[in-house]
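Start from the sequences, fold in the hints, and give me the full structure.
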Amino acid sequence: MLGLLWLIPAIPFASALALAVLRFSRKQVAWIAVGATAASTVVSVLVTMAFLSAPPVAHAYTQVLWTWIDVGGLRPEIAFYLDPLSLIMTLVVAFVSFLIHLYSTEFMIDDDGYSRFFAYMNLFVASMLTLLLANNLLLLYLGWEGVGLCSYLLIGFWYRDPANGAAGRKAFVVTRIGDTAMVIGLFLLFHDLGTLQIQELMLRASQNWHIGSPAAVAAALLLLGGAVGKSAQLPLQTWLPDAMAGPTPVSALIHAATMVTAGVYLIARMHVLYSLAPAAQFAVALVGAATLLIAGFSALTQWDLKRVLAYSTMSQIGYMFLALGVGAWPAATFHFVTHAFFKALLFLAAGIVIDALHDEHSIFRMGGLRTRLPIAFWTFAIAGCSLAGLPLITAGAFSKDWIIWGAWSGPNGSAGLWIVALAGVMLTTLYTFRMIFLVFFGEARSEVTKRPGKAMLVPCFVLAFLSIVSGYVKTPFARFLETVLPWTEGSHSVPITEPVSEVIAALVFLTGVYLAYIFFLRKRVYAAALASSVAGSALHQFWFSDWGMDWLYDRVFVKPLVWFARIDKGDFIDSFYTGVARMNEFTWRILSRTEIGRLRWYAAGIAAGSVVFIAMVLFL
Amino acid sequence: MGLAGLLMRRNLIFILMSIEVMLSGTGVAFVAAGSRWGQPDGQIMFLFILAMAAAEVSVGLALVLRLYHLHHNLDADAANEMRG
Amino acid sequence: MEVAFYIAAIVAIVSTVLTITRLNAVHALLYLIVSLLAVAVVFYAMGAPLVAALEVIIYAGAIMVLFVFVIMMLNLGKRAAIAEGQWMQGNIWVGPVILSAVLIAEVVYLILRTRLTEAAGGVVDPKQVGLALYGPYLVGVELSSMLLLGALVGACHLGRPVLDKAEGRYDRNSDGARAHSGGNLIRVGVGRASDAP
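Protein chains in written order, with my numbering: chain H, 1 to 620; chain Y, 1001 to 1084; chain A, 2001 to 2197.
Derived from the structure by calculation, the hints contain no laboratory data.
You may find that some hints are simply not true.
To be verified - Facing chain A, from chain H, some residues (calculated, C-beta under 10 Å):
{"no.": "1", "residue": "212"}
{"no.": "2", "residue": "214"}
{"no.": "3", "residue": "600"}
{"no.": "4", "residue": "604"}
{"no.": "5", "residue": "608"}
{"no.": "6", "residue": "610"}
{"no.": "7", "residue": "611"}
{"no.": "8", "residue": "614"}
{"no.": "9", "residue": "618"}
The model shown is predicted, which means the values in this text are computed figures rather than measured ones.
Beta carbons are placed, not taken as given, at the ideal position from N, Cα and C, and that holds for glycine.
Written as structure tokens, this is what we have:
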């Protein structure tokens, strides 16, 4: 049964190929695409059952398909590796993809590029699964690039609008920067340790490198660079808000549940390397903490519904990075799972709202949808509570509390990080309930023109259910992951215990809800007044523009490059070569003045030449 | 002097005349040389020059007439179609 | 004898200068003939009677006469003289004179370098010349005869009547049109005298 592993990425890949090359009717496309992801999910479930019932040796199963390259010591194979970490992530990714594909069959029904859309989506799923199941870093990088490509294709899906193409390009270029760092990291690892196969790599790393060795730190930081790019963390986070130009299912799948978590997966996979490089691990935590705050503030000021969700994703992945950074590996993975559910749900429900309001994106023009789109409201509310961390009933609370606790008590944790995490809770609650109140409460400002159909609602139900329920599997989850990702309690003593931390988090949550209620429901004038005060509006503008990072990057990187390209348009290096040609031309022009065809000129030339010649003979 | 005349004047006829002048001058030199050493060689050289001058004049004048036919003037500078 | 030499030499030089500075072609030709005759006298004074005679007969007699024929045929007229005047303006003589002066200087230098004794030398007989011609220089004679043959053929060919497309370029009433097409040499220039300048 475990031998079916390779089917998991292969089936979506085959379906993507078929959809790209052959022509099908809409119904056929839908069946093929959704069927592929469904089949993938089914196989994942089967594999899971096989794994759980008869765990293989060392809780890891490798399936080698063939040797990819065999050159000078580099011998990566096309091989899939199954252990609890990749198993969980594969299961989640396959299942969520299936739900989102189902949703898209109805969401994209009016679009011309129906078949193209599903081809890209399936290709994306195939690449993501390859990434998760890869045995070696090169295959992982293949999947990495594949998801980057599909992200670009899908963000710019409505290519006729150049703004979408620009957003896709921005995403691609910014993640490219991260990818380059990652490739350099791969070079470094191969150069120093001689292999790219992950398990072997971990083994050799722990043998050859002591804790804190510079090579380990360098490699870990470079891989962090790649993860930062892909997961839209500081400083490479500028592409994610603009990526919302793509269709909503794309945002749900790629930029909420799966691709952006690829970075998290990479770091979790290479956790041995990070254990060997505490400085790099601390950098991970810092990046996560900084991002979660910055994104939270930005989310508070956005008016586009999807952009709020984009910043929210950034912030939550910041939580995951924070968890990785403090050494709470299973906490990060658990948060990934719950986040996938509730964030995908948030996007899907937002998609229902936007679609129903005839493509209205601004939350200030929505309102009162509680009664008109009840299912959307309830699912959105459930997901929102899960996101903010409503204690005890929602899954998000469990995972987030785990992270918050780990921020203090984990091996690298500290009180400062704990406070940051709690501040993040406050911000999350604020912006989430801002969204909920503004969109679903109050008077209606736009009319509902379209009601969602079954294909769009069923996934929402399922995800809502999972957003609540999945929290309860925390303990078996942790035990399951123990073989791969050890969870060690902090060695230093902390003044509070875990339950106390959870209670404090809950209190923060409630405060946040209350504040949001005041500002956004009851007395909106306060919010308006705050925003229009001098300091308030300056802050508002600053946070709205993603803390000015776009502006900064434009000034520092883009403008000099464009300036240089403009100078080089005449290709001044090429002018060395054209200079030769130009000198030739110059000489020609001079010399052709002597060939004027005038008789007397020629005679003079002869005479002068003979005079010179005679003189030479005489005197030399 | 013949050279100077050749270069100064634009009329083709004058150019030809200047050529004759040059040939004549050369002939003088040759004959003088031959006479100085009492050899007939100088005179023989002059004879050859003479023959050559006759040939050249006839062909040259025929060409001059053709050019005149074409350009209807005797300007040496007008015949510059071989330029470039 | 020597006096004759010097006088003839001076005459030759002066008339050559005049040749190259005249505006009227016929005047220049006449001066050239004078120059050639003076050169003949120089030859005679140097003791080369054969070439002196030949100079007069062939050079001044045949070649210059040919020149005169052609110029008369072209019938250049007053207009050409005016054009010549325009062309001869300015400092155009500077360059050529400099070139010629350098050349003369070189020749003089050469002559002075080889320490020439007095030009003695007696007369070289025609008989001597003839013997040398048909002795060692036989090949040269043959070659020059071939040269003359080539010149003959060339002149004949160039003088043929021509089928002329170039005429079409000109206006019917212009000089070119009136100047006869077809290359009939005798009639070139006919009718020009009657045109207004």
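Hint-by-hint comparison with the structure:
no. : hint : result
1   : 212  : 88 Å, violated
2   : 214  : 80 Å, violated
3   : 600  : 9 Å, holds
4   : 604  : 7 Å, holds
5   : 608  : 6 Å, holds
6   : 610  : 8 Å, holds
7   : 611  : 5 Å, holds
8   : 614  : 5 Å, holds
9   : 618  : 6 Å, holds
Hint compliance for this structure: hints 1, 2 are not met, and every other hint is.
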